[in-house]
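Visitor: Sequence:
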Amino acid sequence: MPDRAEQQVLFKVILAASVGNFVEWFDFAVYGFLATVIAQHFFPGSSADISLLKTFAVFAVAFAFRPLGGVVFGMLGDRIGRKRTLAITILLMAGATTLIGLLPDYASIGLAAPLLLTLARCVQGFSAGGEYAGACAYVMEHAPSHHRARYGSFLPVSTFSAFACAAVLVYALNQWLSPQALAEWGWRLPFLIAAPLGLVGWYLRNRLAETPAFQALEQRQQTEHAPLRQAFSSHGRPIVWLSAFISVTALSFYTFTTYLSTYLQQVAGMSRGNALLVSVLSLLFAALLCPLAGRYSDRVGRRRSMATVCGLIVLLIFPSFWLAQSGQLWLVVLGGMLQALPAVLSGVVTAPLLSESFPTRIRYTAGAISYNLAYTVFGGTAPLMATWLIDVSGSHLAPAVYLMLVALLALAGGLRLPETVHVRLAEVS
Numbered sequence: 001m002p003d004r005a006e007q008q009v010l011f012k013v014i015l016a017a018s019v020g021n022f023v024e025w026f027d028f029a030v031y032g033f034l035a036t037v038i039a040q041h042f043f044p045g046s047s048a049d050i051s052l053l054k055t056f057a058v059f060a061v062a063f064a065f066r067p068l069g070g071v072v073f074g075m076l077g078d079r080i081g082r083k084r085t086l087a088i089t090i091l092l093m094a095g096a097t098t099l100i101g102l103l104p105d106y107a108s109i110g111l112a113a114p115l116l117l118t119l120a121r122c123v124q125g126f127s128a129g130g131e132y133a134g135a136c137a138y139v140m141e142h143a144p145s146h147h148r149a150r151y152g153s154f155l156p157v158s159t160f161s162a163f164a165c166a167a168v169l170v171y172a173l174n175q176w177l178s179p180q181a182l183a184e185w186g187w188r189l190p191f192l193i194a195a196p197l198g199l200v201g202w203y204l205r206n207r208l209a210e211t212p213a214f215q216a217l218e219q220r221q222q223t224e225h226a227p228l229r230q231a232f233s234s235h236g237r238p239i240v241w242l243s244a245f246i247s248v249t250a251l252s253f254y255t256f257t258t259y260l261s262t263y264l265q266q267v268a269g270m271s272r273g274n275a276l277l278v279s280v281l282s283l284l285f286a287a288l289l290c291p292l293a294g295r296y297s298d299r300v301g302r303r304r305s306m307a308t309v310c311g312l313i314v315l316l317i318f319p320s321f322w323l324a325q326s327g328q329l330w331l332v333v334l335g336g337m338l339q340a341l342p343a344v345l346s347g348v349v350t351a352p353l354l355s356e357s358f359p360t361r362i363r364y365t366a367g368a369i370s371y372n373l374a375y376t377v378f379g380g381t382a383p384l385m386a387t388w389l390i391d392v393s394g395s396h397l398a399p400a401v402y403l404m405l406v407a408l409l410a411l412a413g414g415l416r417l418p419e420t421v422h423v424r425l426a427e428v429s
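Numbering (the working numbering), first residue to last: 1 to 429.
Since the hints were derived computationally from the structure, they do not count as laboratory data.
For every residue, glycine included, the Cβ atom is placed at its ideal position computed from N, Cα and C.
Take the hints with a grain of salt, since some may be wrong.
[To be verified] Label pairs and their computed distance ranges (CB to CB):
(1) P179 x S234: 35 to 43 Å
(2) Q221 x V401: 47 to 55 Å
(3) R416 x T118: 31 to 39 Å
(4) P179 x L415: 48 to 56 Å
(5) Q328 x S234: 49 to 57 Å
(6) A307 x V168: 30 to 38 Å
(7) S233 x E184: 53 to 61 Å
Please build the complete structure, drawing on both the sequences and the hints.
Guide: Okay, here's the thing in structure tokens:
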């Protein structure tokens, strides 16, 4: 265990990384929770289902820019350091989200409205591409070797808390404002909150020092001048294997955090307020579960943790969707909590794997590529795929089948990775 001074440094590091991560996911969450309102403003004239599909398509398009952002900010983070790169990503994210809150709608400027919305979402995706892998590297390069998942679990805590806070805010707006006021101007307020949150995150990150691991590289003048080429030439296979596992992290995460609220409104017939209430309770449960999942992963190892994730999906995903479509509040909450279990554990084990799988000189680049490839293909498309699968199959359980199939892919990839639970990051080659 770290001594008191080291614990104080760790607390500041986790706080700075988590606040920035909170801002990023708060911004993404607001878009998901307000999808039905955004559809009315930027994609009018179609049926409700088609408008919603277009809104989620914009959600997915933003993810196409995540790999590009991961490459750009990953290379930057491996060249100039984690701290300065993370300060840039949070400002871009907050700025793009604030812009969404200020955009005129389709009735005001026509086709330019959805185009500007798409542009802002692409900037969000670009900046998000460099955020999470960098935040994980920043925390893991400070954390003690035997407790990386434990300390790293606070990043998923901030993620689920961001979604919970976004849901609480949208729920409060639903309760306090009339439907007309929410549709006219109330939906903009959560996006505008991004501006002060982003400045707070930037301030906290700027006050901290660079990680000891990166400082050691700089002192030895061993920083990688071509981290992208080196990542693929020396660690191409681990990137593919890790991306395969992260596919289920991405899909389970966005199914649980973003699509669940829409599913409850569209399939179970719940009001927006009750659907958000279910999301809040489930997300708070997930946030509280993260530190326990971190301790579990540090105890049993990464490979067993990955196998547990896939087993939980196979066992729980059908019951969770069946309970969610019941429409009864307590059953729906239980269904949400069942969905939370694999989403939490997969997110918690992914955080240390992003750093443990690659050496310091290319850690940011390789981790960002692995993470964003999976999130682009499986995360950004999760709401869109779920909506489409239900539409073409006629079955409200179709998303559960999709999750199970991706879990098998994740298991195949994850078990190709070596056990890294007690590996010292300085020894990773």
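Visitor: Name the hints, by number, that the structure is in violation of.
Guide: Checked against the structure, the only hint that fails is number 1, while the rest are satisfied.
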